[in-house]
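On the provided structure of chain A, position chain B as indicated by the hints.
Listed in order, the protein sequences are those of chains A and B. With the first letter of the first sequence counted as 1, position 752 gets the number 752 in our numbering; the numbers rise by one all the way through. With the first letter of the second sequence counted as 1, position 48 gets the number 48 in our numbering; the numbers rise by one all the way through.
Source of the hints: derived by calculation from the structure; they are not laboratory data. These numbers come from a predicted model, not from an experiment. Glycine included, every Cβ here is placed at the ideal spot set by N, Cα and C. Hints are supplied without guarantee of correctness; some may be wrong.
[As the list claims (entries may be wrong)] Simulated restraints, written as ranges between beta carbons of each label pair:
1) A:G255 / B:D25: 49 to 59 Å
2) B:V39 / A:T300: 30 to 40 Å
3) A:G255 / B:V39: 37 to 47 Å
4) B:P78 / A:A222: 38 to 48 Å
5) A:A222 / B:V39: 23 to 33 Å
6) A:E704 / B:E104: 51 to 61 Å
7) B:R62 / A:S250: 21 to 31 Å
8) A:R796 / B:D95: 45 to 55 Å
9) A:S250 / B:E38: 28 to 38 Å
[Unchecked claim] Straight-line alpha carbon distances no greater than 25 Å define the calculated SDA-like cross-link-like pairs of lysine to any residue that follow:
10) A:K552 / B:Q64
11) A:K270 / A:V310
12) A:K422 / B:A152
13) A:K552 / B:R73
14) A:K555 / B:R92
15) A:K337 / A:L57
16) A:K442 / A:V524
17) A:K552 / B:R132
18) A:K555 / B:R149
19) A:K555 / B:H44
20) A:K422 / B:P52
21) A:K552 / B:R149
22) A:K552 / B:V33
23) A:K716 / A:C667
24) A:K552 / B:D103
25) A:K755 / A:Q797
26) A:K555 / A:D414
27) A:K270 / A:V415
28) A:K552 / B:A152
29) B:K76 / A:L557
30) A:K555 / B:Q64
31) A:K555 / B:E94
32) A:K422 / A:L389
33) A:K755 / A:G720
34) A:K118 / A:R40
35) B:K76 / A:L511
36) B:K76 / B:V134
37) A:K552 / A:L511
38) A:K552 / B:E94
The primary structure of each chain is shown beneath.
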Amino acid sequence: MCVVCPGAGESPYLDGESKDMQDQEVIREFIVESYENLSRLDQELVELEQRPKDRELLTSIFRTIHTIKGTCGFLAFSTLEKITHQAESLLSRLRDGQCELDSHIVTLILETVDATRKILAAIEATNEEGPDRFEDLTERLRAAVSASDAEKSDRSPSEPGMGGSPVTAPEAENSEGASAGVEAAKPETDATKSSAIADANIRVGVGLLDNLMDLVGELVLARNQILQFNSEREDPALNATAQRLNLITSELQEGVMKTRMQPIGVIWNKLPRVVRDMAQALGKQIQLEMDGAETELDRTIIEAIKDPLVHLVRNSCDHGIEPPDARTSLGKPTAGKLLLRAYHEGGQVNIEISDDGAGIDVATVRRKAIEKGMLRPEQAEKLSDRETLNLVFQPGFSTAQKVTTVSGRGVGMDVVKSHIEKIGGIVDIASQSGEGTAVKLKIPLTLAIIPGLVITSGGERFVIPQVSLLELIRLESDSSEKRIEHVHGTPVYRRRGTLLPIAYLNNVLGLTSGAQADATNIIVLQAEDRQFGLVVDGINDTQEIVVKPLSKQLKGLSIYAGATIMGDGRVALILDVLGIGQRSGVLSEIREQSRTAAEQRTEFLAERKQRMLLFRTGSFQRLAVPLSLVSRLEEFPQDSIEKAGDSQVVQYRGHILPLIPLRDVLCAGEGIDPSAAPHLQVVVFHDGERSVGIVVDQILDVVEEAIEIKEKSSRKGLLGSAVLGGRVTDILDLNSILRSSGASWFKGRGSDAGKRVLVAARSPFLRGLVRCSLDMEGHRVAEAGDLDETIRILERQAVDVVLADLDLSPKGSGELIAALRAKQEWRKIPILGLTNLDGRATAASAPAPGYRELVDISDSEAVLESVARMSSNAPIPNDAAELACQER
Amino acid sequence: MSNGNTATTGAESQASSQFSTFFVDSLFFGVDVLRVQEVLLFQHMTRVPLAPHVIEGLINLRGQIVTAIDMRRLLKLPDRADGQAPMNMVLRTEDGPVSLLVDEIGDVVDLDPSSFERPPQNLEPAAREFIRGVYKLKDRLLLVLDSDRALADSAAVN
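Chain A extracted, bound-state conformation (with noise of 0.2 Å):
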């Protein structure tokens, strides 16, 4: 659009008249499209900067300058068409070659573009331009036209013909007649090509499409109501009409949808002039790259995430991207690269922001977290990495070691989660410590009308939204093979070789249970990354709902994510499944889970904080055995213990399940009839494909604590006492239970105090035997399952000794000693090997080259040993070390 201006300054609507409601619908115009053509500048002259001689883009950048100049002159804007005249008058000589363009003419004109923001901002609030004159500005402007004059000058002798300074100083004391007169002509024909496109649009006022929004909310709704009325009445006439209400309202659903939506550009217009002005300021070079630009958003999405973008933008460029120099001495390129990407995936929009920069690193993260008191040394240590990372995302948390002028503005990290939470959305952080940051934003397509899953539970309805569903799962009751498990008392249900937790609806609401179905429903739901099954009565089907609000007195309650009206008019409820997953414990017992898998395996264990189960068994009224070693808890009715040879069987998934009863070990002589009970309470340990099971008189509980040996025992099958819940318990001596009773095992067990012992062995129940032991003596164990682990936690952590089983890598034994002796400085560490005097017996009698000492795994007083021997004579000659290798 072109305003073709009367001549400068003079304008019919000037007069000192105060301007009148015409001219505030025209001001308010001029405003809307400034704004418009000012968003799309920024992007222009960034652009520019690039291709210098991209004479369109040029064009286009003079003419929207000129646009405002000349619209401000009919306006009486004198102080903006002063600094866009100037503005012009060196766009109009760079355009014509006058000039090169370098960035400090860009950046006098991005400046213009924020003068002129900021009169715009004056005019919309006051009606007048405000109190800065923006002299400066002006004058630099003015200097910038003189000096390109002057280089014109300074070229003209050697260019005849083009006209020397005399021609253009003129043009540039006065360049309305000249060039405004030049340039009106030429728009008015690029004006008549976009008046068609200008025809097909209108602008419409966001207010209205919120409320056209609405009202297709409730047409939604009543369109429900409808379907549900013709579903119970057989009325073809009505059966027809309803049917093409449900179409039509599913399109004007749709459209009316779409009008909301706008492309994610619409926020990322204005980053390249953001990451430009920080590269500026920061002295860095940043090359940004933006894909899926046109990919869309409802707009209440798009305000939502417009400020989390920036910063995490800034935040790129000023913590992410190395300078120049930096990065030449790493090899990198000069210029740091910044990706913005969007794209669909699974009714979600993804934002990635990522760049190549320094990344995070996590022992800084770790160490941060540690000074400010979020976290405890050893809390730190179980972290993952990824959990590390996402620490930045905590209120008061920053890595920067220096704040910078352009950082610490606008929103922190926190915000930024906050802010894409708010709207459900999700944010992930991943970084490679030298190679750079990928942060993640998972960001819904719309709030108002979601596609739901209808389910009962205690006789009500609830829904659930679809973006968290995974799969349904139904589990008829007579399949014996597929069914709810309890691990711990925690329902498990195993998915595809994997335990997925279970919770219960009727539970977590407090419902009463409704009747027993022949089936069981599972939900299998998703929340940030975790899963869960959610037991529910029955499931009806998946509807588009409207999500309304919770009043205020409810809004506390973080298992509701709103409320919707269902097809029969009645209120259902939207369950929130992150906190559904909260409330019923299932989430936070994965990240214990995880952990005591993942993490608390290969970490030290500072506290020594052990999940023990207590029983009870003859005249010991208090036993325990760390939780870890067991597998499952089982009953089996007295009548089916059978006898094999002297011992006692009994037959269990399709295998023969050793029993020993504890009170035969434990409490021979005292002589009372263990077969008075109907039923055996018997905890199954279970290692590859043995299992044995140990028979006591009743389970009592789980307790978490830290184990401390009060006093050794001396008594068989007993490790010694501790505190446990309070009370005094004994700790069973699996190991010794398990040789007595003559059962061909594992083997393992040893003794000294306060070693850092790393215990690598495949089998998980291997490892948490000989730790157990190593764990009572006092000293503290690591786990690897496997050489790669081993070789992780070494690199990560000082050693004392190593004990190895021999089995530990599929190549042999050799392959460990082989990685050990790969750095000078483990070879200073001592490694035993772990023999299983079961499969290799001949083992233990010649022991592979460079291990100090082979011990038996079942004999754990051995074990204990050994390790006490290696520690204490621990700082080996490294020669002598090398000497040991090399004899063997």
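Just chain B now, kept in the frame of chain A:
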């Protein structure tokens, strides 16, 4: 839904003299007539598991979801007898309508500000929190409900 002049403060309510009245157990209440949006017969209610005790459920009021608060529970009175359906008295609030479940709806009465008095000190503490004052009518006393306090309080219990 709510507009500025309906959100009354304590000072205003003493100036306004029209009250919608209702009964809860043996108590006779009044609430500023301008705050009352409408009165409904008992509606189907969706229970909200784990919600505060005083919240009876959610009702669909022409497409709007309205929380219903049981006045008896709020005032720590015994529950209604079986078969006695409560009435909904829907009040306007700043964040949408809220329904109070009451036993019976009374008339709209015009009251003389001079008969207003502060709540008596010996009033049941459970009730005193929500009562702004008392109007001395000819044959009985009318308790003026402080609906803001009542609604805020029902949110606080969780």
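Hint by hint, here is what the structure shows:
no.: 1; hint: A:G255 / B:D25: 49 to 59 Å; verdict: 53 Å, holds
no.: 2; hint: B:V39 / A:T300: 30 to 40 Å; verdict: 35 Å, holds
no.: 3; hint: A:G255 / B:V39: 37 to 47 Å; verdict: 39 Å, holds
no.: 4; hint: B:P78 / A:A222: 38 to 48 Å; verdict: 40 Å, holds
no.: 5; hint: A:A222 / B:V39: 23 to 33 Å; verdict: 24 Å, holds
no.: 6; hint: A:E704 / B:E104: 51 to 61 Å; verdict: 55 Å, holds
no.: 7; hint: B:R62 / A:S250: 21 to 31 Å; verdict: 23 Å, holds
no.: 8; hint: A:R796 / B:D95: 45 to 55 Å; verdict: 52 Å, holds
no.: 9; hint: A:S250 / B:E38: 28 to 38 Å; verdict: 33 Å, holds
no.: 10; hint: A:K552 / B:Q64; verdict: 14 Å, holds
no.: 11; hint: A:K270 / A:V310; verdict: 9 Å, holds
no.: 12; hint: A:K422 / B:A152; verdict: 24 Å, holds
no.: 13; hint: A:K552 / B:R73; verdict: 18 Å, holds
no.: 14; hint: A:K555 / B:R92; verdict: 18 Å, holds
no.: 15; hint: A:K337 / A:L57; verdict: 24 Å, holds
no.: 16; hint: A:K442 / A:V524; verdict: 20 Å, holds
no.: 17; hint: A:K552 / B:R132; verdict: 22 Å, holds
no.: 18; hint: A:K555 / B:R149; verdict: 17 Å, holds
no.: 19; hint: A:K555 / B:H44; verdict: 22 Å, holds
no.: 20; hint: A:K422 / B:P52; verdict: 24 Å, holds
no.: 21; hint: A:K552 / B:R149; verdict: 13 Å, holds
no.: 22; hint: A:K552 / B:V33; verdict: 22 Å, holds
no.: 23; hint: A:K716 / A:C667; verdict: 10 Å, holds
no.: 24; hint: A:K552 / B:D103; verdict: 24 Å, holds
no.: 25; hint: A:K755 / A:Q797; verdict: 13 Å, holds
no.: 26; hint: A:K555 / A:D414; verdict: 22 Å, holds
no.: 27; hint: A:K270 / A:V415; verdict: 21 Å, holds
no.: 28; hint: A:K552 / B:A152; verdict: 8 Å, holds
no.: 29; hint: B:K76 / A:L557; verdict: 22 Å, holds
no.: 30; hint: A:K555 / B:Q64; verdict: 16 Å, holds
no.: 31; hint: A:K555 / B:E94; verdict: 15 Å, holds
no.: 32; hint: A:K422 / A:L389; verdict: 21 Å, holds
no.: 33; hint: A:K755 / A:G720; verdict: 20 Å, holds
no.: 34; hint: A:K118 / A:R40; verdict: 16 Å, holds
no.: 35; hint: B:K76 / A:L511; verdict: 23 Å, holds
no.: 36; hint: B:K76 / B:V134; verdict: 19 Å, holds
no.: 37; hint: A:K552 / A:L511; verdict: 23 Å, holds
no.: 38; hint: A:K552 / B:E94; verdict: 10 Å, holds
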